[in-house]
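Here the protein sequences line up with chains A and B, keeping their order.
If you read the first sequence in the working numbering, its first letter stands for residue 1, the second for the next number, and so on.
If you read the second sequence in the working numbering, its first letter stands for residue 1, the second for the next number, and so on.
Read the hints as simulated data drawn from the structure, not as lab findings.
Errors might be hidden in some of the hints.
[As the list claims (entries may be wrong)] Derived CB-CB ranges, DEER-like:
hint : chain 1 : residue 1 : chain 2 : residue 2 : range
1    : A       : Phe31     : B       : Leu44     : 38 to 48 Å
2    : A       : Asp284    : B       : Glu231    : 15 to 25 Å
3    : B       : Leu44     : A       : Gln137    : 35 to 45 Å
4    : B       : Gly94     : A       : Ser322    : 22 to 32 Å
5    : B       : Leu376    : A       : Lys286    : 29 to 39 Å
6    : A       : Asn20     : B       : Phe27     : 50 to 60 Å
7    : A       : Lys286    : B       : Ile98     : 18 to 28 Å
8    : B       : Ile98     : A       : Asp284    : 44 to 54 Å
9    : A       : Lys132    : B       : Glu231    : 21 to 31 Å
Just so it is clear, CB atoms sit at the ideal spot from N, CA and C, and this is done for glycine as well.
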Amino acid sequence: MKEKYEAVIGLEVHAQLITNTKLFCACSIKFGSPPNSNVCPVCLGHPGALPVTNKQAIEYAVLMGLAVNCVVNEQSIFARKNYFYPDLPKGYQISQFEKPICENGHIEVKTAEGSDKIIRIKRIHLEEDAGKSIHDQGSDTLVDLNRCGTPLIEIVTEPDISSAKEAYEYLINLKQIVTYLGICDGNMEEGSLRCDANVSVRKYGDKLGTKTEVKNMNSFRNVERAIDFEIKRQIEILEEGGTITQETLLWNADLNEAFPMRSKEESHDYRYFPDPDLMPIVIDEKWKTKITSKMPELPKVRRERFIKQFNLPEYDAEILTSTKDMADYYEAVLEFTDDYKSASNWVMGDISKVINENKISIKDFSISPKNIGKLIELINNNTISGKIGKELFEELLKSNIDPEIIIKEKNLVQITDSSELENVIDKILSSNSIQVEEYRNGKEKVFGFLVGQVMRETKGKANPQLVNEILTKKLKG
Amino acid sequence: MLPYKTHTEKIRLIQKAQLSLIENVEFFLSQISVHKDINAFNFLFDDAIDRANKIEQKIKEGTSGKLAGMVIAVKDLLSVKDKPLTCSSKILRGFEAIYTATSIEKLIDEDAILIGKTNCDEFGMGSTNENSAFGPVLNPLDKLKVPGGSSGGSAAAVAANFCDAAIGTDTGGSIRQPAAFTGTFGIKPTYGRVSRYGLTAYASSFDCVGPIAKNVLDLALILKIISGKDELDSTSSESNEIQFPSQNKKYKIGLPKEYFKEGLTEEVKTGIEITIENLEKTGHEIIDISLPHSDYTIAAYYILATAEASSNLARFDGVRYGLRNEKIRTFDELYNLTKTEGFGKEVKRRIMLGTYVLSSGYYDAYYSKAQKVRRLIKEDFDNAFREVDLIISPTAPSTAYKIGDTVNDPLQMYLGDIYTVSANLTGIPAISVPYQSENSLPIGIQFMASHFNEEILLDIAQQITE
Ligand SMILES: [Zn+2]
């Protein structure tokens, strides 16, 4: 039954910009300050206070536009979106309506089948965030205006997305881009990235169906689940001969279900009109060039460079560039070692395991890239064995000091002195005469056992290659 | 009576110890108190005497600013830190501003003495000063008449010698028309010359702050001080410095034929004719011009100004400050009851009109069309100023109305703005110069000039006054 239908999905994503100050005043946008402490006459909506546009926010919006292949409009205008709500001090939100700052871009995403698909971006516009209404503190509604005036960009796609999975991929891509640009921390759980979805379904070949808007999804997985839910719901209604009502639904993550909003709350006429307090934003070629020069390397380009420059498998490059922080860490390690692949293995393996287990960002990982680089070099120049390398890594987790100091203090230096090793091997051979006999009778597997005994005796410090050589010589001789 | 005519004379008297600044302020306060019925002030500032004391000291030490000791009244639409700001509205009852408007800050920096906040039409909406939560202001020249509006309190305070000068605001004529009705000088600067930061917005793309004074010299002095680009107002601009007094130039003065068709009262018509004759006699050239879109001026103005007002006044919701009905239980009631109780009739009328013209389905027919008309009117003026330096007209079609005359006929009141609103629609500067005819209240002669040409407005005003 489901095969007859295709879903048509468009996403509206709000990204909170991490500028120094709010969009129209000099207040801080710091998260977690006491309620109503980051406020001034402008963001409090006091009589006579006027907005002045934050240039950094404009530059961030333009960077985003350029990163997703948009046209940057030479002139764009702010408009007032009028509605009443206690956390909206002016009674209108300054946003953009008719002439947004960027238009007509696209992002490439991987489909379920593994091919690339273009998702067109209709527009990116700048606007200010509202404050926060707090309804769960007794019978009153409390209002915190710290967030009010925080710059947002809204990124609106064309209805090019055809599954929940694709929507998820798009969002992951978008998060990657904003974090690479350093314009948003991309945290959906904390609300610095918010997503609304417009969903409709139709039988293949039919004209567009009625769409609904799904809101209130506060994680990437919830977006996927909510869209899946909504597609299924709409198909069920159509299959039963019903019609879809154009409405807004709120996702309830606890119940895994979306519920219609009260119809009154959505019947808004926002009465948009150009904000007379603000001049048009004019981005001339000179300014655009200046902004373009600040464009960092984007995920896709960096991935390709990693493959070429460091000779990495595609898989490694993909994982290492999944976040800017990880890619930065990896490249920082490479300042201390030329073993690209080992560095990749450490970052993707042991390091990722630790940061995942502790749910931290690689930025907060305790071992410095320098010490990881040194660790790799110590293994590669045979100062320590690979096995001791793992031990050293554990020690570095405890205290991030120079690995050479640790191996000296803990006496972890590899035994490369053959006379010392010969003594150990002689001792092992004499106390394992049965196994030696078996080996000489052709049971070659026993060799591994004997190596293991030597390693145990030397607490893993014996140079494995040397052990092999001496052991072979002695057993044959 | 005052022993000086201009601020320069006042300073000289203080320097020579022939005038005590404290006594001067006390004199103004006593005048205000004696003529309380004029109702020009919403609030008086109790620190005025203190300031007079300090500034008198500075004048004697030679360290004082350019406006030292000038006693100025401020329209109650402008913020002065820690002083009440009501906009003559019940909705801001009990509110004190938490910062000072840029224009007022500049007055304070130059050692002016602020004497109090003047009454006005609620949020600047009105032409008679009858729409005020503090009651109407009476015209000091004839107490049965209105002083004009919306800066009626400011104009009345200047005319009645309650202060040396006043700050008003002008959205559609609110400085010039009261100046005309009270026989004072008032100038609406070029849009952007004076910062709007701290001026409670009525219609943001029209609102201007400007002075009302007893003579051109003081008017020019105050204007120079409050002018300038303000980082806090994106619509303010870098502008040429006003050179005044300037050298008695001869001008080409345009006389728009559309302005003299009908509706002019006899005394206004006569006043204009005599003024024109005198101008010609003194070597100025009068040229007939045309402003073809004049008929649409009032309609375009009231659509655009009310649209902006409907949004600007949304912030008065009782959530953060001002009046809040205590009986509210829901969000809807919060807005409904607070605004119903707090706003006066004219304000409600304009909010509703503005909300309507911005509504989906009506936006194109009203708001967009009015924007187009605004552009056409601008072009009319651009064309005119290619031929002439100045445009002359009456400030208002009549002398001051009788109190109560327009209360039930708002349209009549709106039509009275015919000569003044063009300057606001186009952003150009305009001045009202008093003309005293025999046997009637004064009328106002208005001159308009192109953007940032306040200098020649002041010059022509000075010439016809002499
Ligand atoms: Zn602020």
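We went through each hint and held it up to the structure:
Distance hint for A:Phe31 and B:Leu44: a CB-CB separation of about 45 Å, consistent with the stated range 38 to 48 Å. Between A:Asp284 and B:Glu231 the Cβ separation comes to about 21 Å, which falls inside the hinted range of 15 to 25 Å. In this structure the supplied range 35 to 45 Å holds for B:Leu44 paired with A:Gln137, their Cβ-Cβ distance being about 42 Å. As the Cβ distance of B:Gly94 to A:Ser322 is approximately 57 Å, the hint placing it in 22 to 32 Å is violated.
Distance hint check for B:Leu376 and A:Lys286: the Cβ-Cβ separation is about 34 Å, which falls inside the suggested range of 29 to 39 Å. As the Cβ distance of A:Asn20 to B:Phe27 is approximately 52 Å, the hint placing it in 50 to 60 Å holds. For the pair A:Lys286 and B:Ile98, the beta carbons lie near 39 Å from each other, so the given range of 18 to 28 Å is not met. The hint said 44 to 54 Å for the Cβ distance between B:Ile98 and A:Asp284, and at roughly 37 Å that hint is violated.
Between A:Lys132 and B:Glu231 the CB atoms are about 29 Å apart, so this pair conforms to the stated range of 21 to 31 Å.
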